[in-house]
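Enquirer: One-letter residues, chain by chain:
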Amino acid sequence: MNHPYFNYYESSSLFHGSLLSIMGTRFDILFVIENKATGEVIWDKIQSELIRLDKLFNRFDPESEVSQINSEACLSPFIVSSEMWDILLSCKKYHQQTNGLFDITLQDFNKVLLNHKEKSIIFSDKNLYIDFGGYAKGYAINKIKDILVKNNVQNSFINFGNSSIFALGKHPYGDCWSIGIENPYQKGKMLGEYKLKNDAVSTSGNMPSNPKHIVDPFTGIYNEEKKMVSIITKDSVDAEVLSTSLMIAQIEKKEEILHHFNTSEIFVYNL
Amino acid sequence: MSPSNKNDQLDLGLRKFIKDLGYIAGGSVLLASTPWLQSCTPEKLEEIKGQKARIAIIGTGSRGVYHLHNLLNIPHAEIVALCDNYPPNLKTASDLCPKAKTYTDYKKMLESKDIDGVIIATPLNWHAPMVLDSLAAGKHTFCEKAMALTMDECKSIYDAYQKTDKVLYFGMQRLFDEKYVKALQMIHSGLIGDVVGMRCHWFRNNDWRRPVPSPELERKINWRLYKESSAGLMTELGSHQLEVSNWALKRIPDSVIGMGDIVFWKDSREVCDSISLTYHYKNNVKTTYETLISNKFNGMGEQVLGNKGTMELAKGQYFFEDAEPAPAILQLINQMESKAFSTVPIAGPSWVPEIETQHKPNYVIDGPISINPGVSMTGVDKDGSDELISAFCQASITGERAKNIVEECYCSTILCLMGNQAIEQQKKIDFPEKYKIPYLNF
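For the record, the sequence lines run as chains X and A. Heads up, the first sequence is in my numbering, so the first residue is 420 and it goes up one at a time. Heads up, the second sequence is in my numbering, so the first residue is 2 and it goes up one at a time.
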């Protein structure tokens, strides 16, 4: 159940759309739009796009393309859609740029073989599967941003489960969008404040309710540090990839990884 | 608490809210939706600093004394005269305020040139003659709700108000209760979607009687129970709630059906102790009004039902129908609604989705909310009554009339009286053409 919800606030021309359960989390969007009907049309497009992408990326949905890859590619080459092809290439690029720390196989991306001629994928290890958990939300945000820009929305705030945020333009009564980050181990304690203008923020980290969920693909060991990493960049996928990678990267590798990205800001919190 | 402290508190509540509205961009627009508050802004209060309104009270029973206590805490008010024809009540008030001159005949009192404003807290049948006489005597006038005992009397008051330049207030304190003012603004901004229904109720479990020292005083003291002096639970309780219903819907109902009886308190009273009414608005939205004074389980409440959520006005809480906006997102929305900008604590590692099975309340006001359990027969603290009286005293100095208060009270009183007609005649009652005034839509 997605629990779609929307509301329009006349006096501030504010549209709020929400999906309670999409890509394993909650999605909220606020955007400023002169009339409600236009807002509804845009919200419809955003919703359909999110539902479409959930269908593409959700490995627990047997009908999704990723499920089909996971069940077929260990046996024979599986020809993927052109969108999935581009995504796989981008994941490969990120795998290289992060020295192998960003890895959609969570084990060894080198066991994923891509055939450029027929745009197919095959796994060289029968137990391999792919998971877009650290990628999909950023990808979805980029798509939504395109919808907003195409529809002349100038100011919008997109929140994907608090961990993936994109702030388009500015708050209608400020010169940016200003967000705070809370210490998950100490409720109410703010760690920092980010001023955003056309910026993406991605935060990775452990929290009391979810102490280990990021795995080091080299060791197979879950990271259990009381640590949080926030990345602010212009591109939502870059932000996703970096926040996960830097969460597990050894200090000496960080510079090397960052060399490949146009990052505006990196925040590492040891909690 | 010293008087000055109490007034600071008052400033911290509604006046601070009005002040905030004045500072933020678009505040004047928000203030325009509550025009009666425009005459009592903190800036205007500053202008009359040091001046005192000379106030007289007619009717020093429980409600009159309640106002008296509030007046003693208002720096811009001075109680100069007290009037009651029941000596024990007059003495109680006079003991609290020994400097004030006492009267047993209100007409005599109205002759005094040393009175700026008159506060009337008498049985309902006295409202019309006293308000009309007070205005005719050139006094700014405050009268308790409801407006009057009959529709004709209400119309006379409304007409007199059109002809005078004096200030006229009625005891519609919800208009001055911060949690109502904010909640109604939130409703009108679309927080709970379209208003599709309204449920008002007031339940108590007591006989609604005051002790009577000797039998011949029964009708004087228990005036609420007899039709010659009272329109019963409708005017005494329902008038507040119907006023809020109209405020929420920005309309006046066109008809009412319902029933009323004596269920439990069979003690020779003439007014009902149980009432169930349905008011119909032209857009087909209905307001149910229910009151019963032999069961208090449900207390007092006004629920505004929207297609996206529910506002419990008396509790200052609201609930969403389905997906509840995440707290930080809601904070952002509320910011934009009040044209403010600040940081919201939203970023974090991940959100574990919570699918609510039960409705969780959201609060209209940050911090403690004063909730009226509906039990008291006189009044409760922090329900807007003190701000209302303070605003009236301010107006008694400046002479600035407050918009809408008379109209709101007029409409809700006519609706209460229509409710009683529906009960008596056992049929649907339409809003009588004769009593329609050019205010709000039907």
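Heads up, a few of these hints could be off.
[As the list claims (entries may be wrong)] Simulated pairs of lysine to aspartate or glutamate, DMTMM-like, Cα-Cα distance not exceeding 20 Å:
1) K340/A / E429/X
2) K455/X / D134/A
3) K309/A / E459/X
4) K309/A / D134/A
5) K340/A / D463/X
6) K183/A / E537/X
7) K383/A / E401/A
8) K53/A / D134/A
9) K316/A / D255/A
10) K340/A / E674/X
11) K309/A / D565/X
12) K251/A / E429/X
13) K606/X / D195/A
14) K608/X / D367/A
15) K267/A / D367/A
16) K455/X / D195/A
17) K309/A / E429/X
18) K512/X / E643/X
19) K564/X / E502/X
[Said to hold, decoys possible] Derived, one-sided and incomplete: chain A residues facing chain X with beta-carbon distance under 10 Å:
20) G139
21) H189
22) V264
23) F265
24) Q318
25) A327
26) S343
27) T344
28) I347
29) V376
30) T379
31) G380
32) V381
33) K383
[Unchecked claim] These stretches of chain X come out as covered by chain A in the derived footprint (C-beta under 8 Å, 3 or more residues):
34) 573-584
35) 588-599
The hints are simulated quantities; they were obtained by calculation from the structure and are not laboratory data. Predicted, not measured: the structure shown is a model, and the values here were computed from it. Glycine included, each C-beta is placed from N, C-alpha and C at the ideal position.
Enquirer: Each hint should be assessed against the structure and marked as holding or not.
Expert: Now the hints, each set against the structure:
1. K340/A / E429/X: 13 Å, holds
2. K455/X / D134/A: 52 Å, violated
3. K309/A / E459/X: 15 Å, holds
4. K309/A / D134/A: 48 Å, violated
5. K340/A / D463/X: 27 Å, violated
6. K183/A / E537/X: Distance ~63 Å between K183/A and E537/X Cα, so the pair is violated.
7. K383/A / E401/A: 24 Å, violated
8. K53/A / D134/A: Outside the cut-off at roughly 23 Å; violated.
9. K316/A / D255/A: At roughly 28 Å apart (the allowed maximum being 20 Å), D255/A and K316/A break the hint.
10. K340/A / E674/X: Not OK: K340/A and E674/X at ~42 Å, beyond 20 Å, violated.
11. K309/A / D565/X: 29 Å, violated
12. K251/A / E429/X: 16 Å, holds
13. K606/X / D195/A: 35 Å, violated
14. K608/X / D367/A: The hint holds at about 19 Å.
15. K267/A / D367/A: 44 Å, violated
16. K455/X / D195/A: 13 Å, holds
17. K309/A / E429/X: 15 Å, holds
18. K512/X / E643/X: 27 Å, violated
19. K564/X / E502/X: 17 Å, holds
20. G139: At 41 Å from the nearest chain X Cβ, G139/A fails the 10 Å test, so the hint is violated.
21. H189: 8 Å, holds
22. V264: Cβ of V264/A sits 42 Å from chain X, so the hint is violated.
23. F265: 44 Å, violated
24. Q318: Nearest chain X Cβ about 18 Å off; hint violated.
25. A327: Interface hint status for A327/A: holds (6 Å vs cutoff 10 Å).
26. S343: 7 Å, holds
27. T344: 4 Å, holds
28. I347: 5 Å, holds
29. V376: With a minimum Cβ separation of about 36 Å from chain X (threshold 10 Å), the hint on V376/A is violated.
30. T379: 37 Å, violated
31. G380: Hint on G380/A: violated, closest Cβ of chain X at ~33 Å, above 10 Å.
32. V381: Violated. Min distance 31 Å.
33. K383: With Cβ-Cβ at 27 Å, over 10 Å, it is violated.
34. 573-584: holds (count 6)
35. 588-599: Holds, because 7 residues of the stretch 588-599 of chain X bring their Cβ atoms closer than 8 Å to Cβ atoms of chain A.
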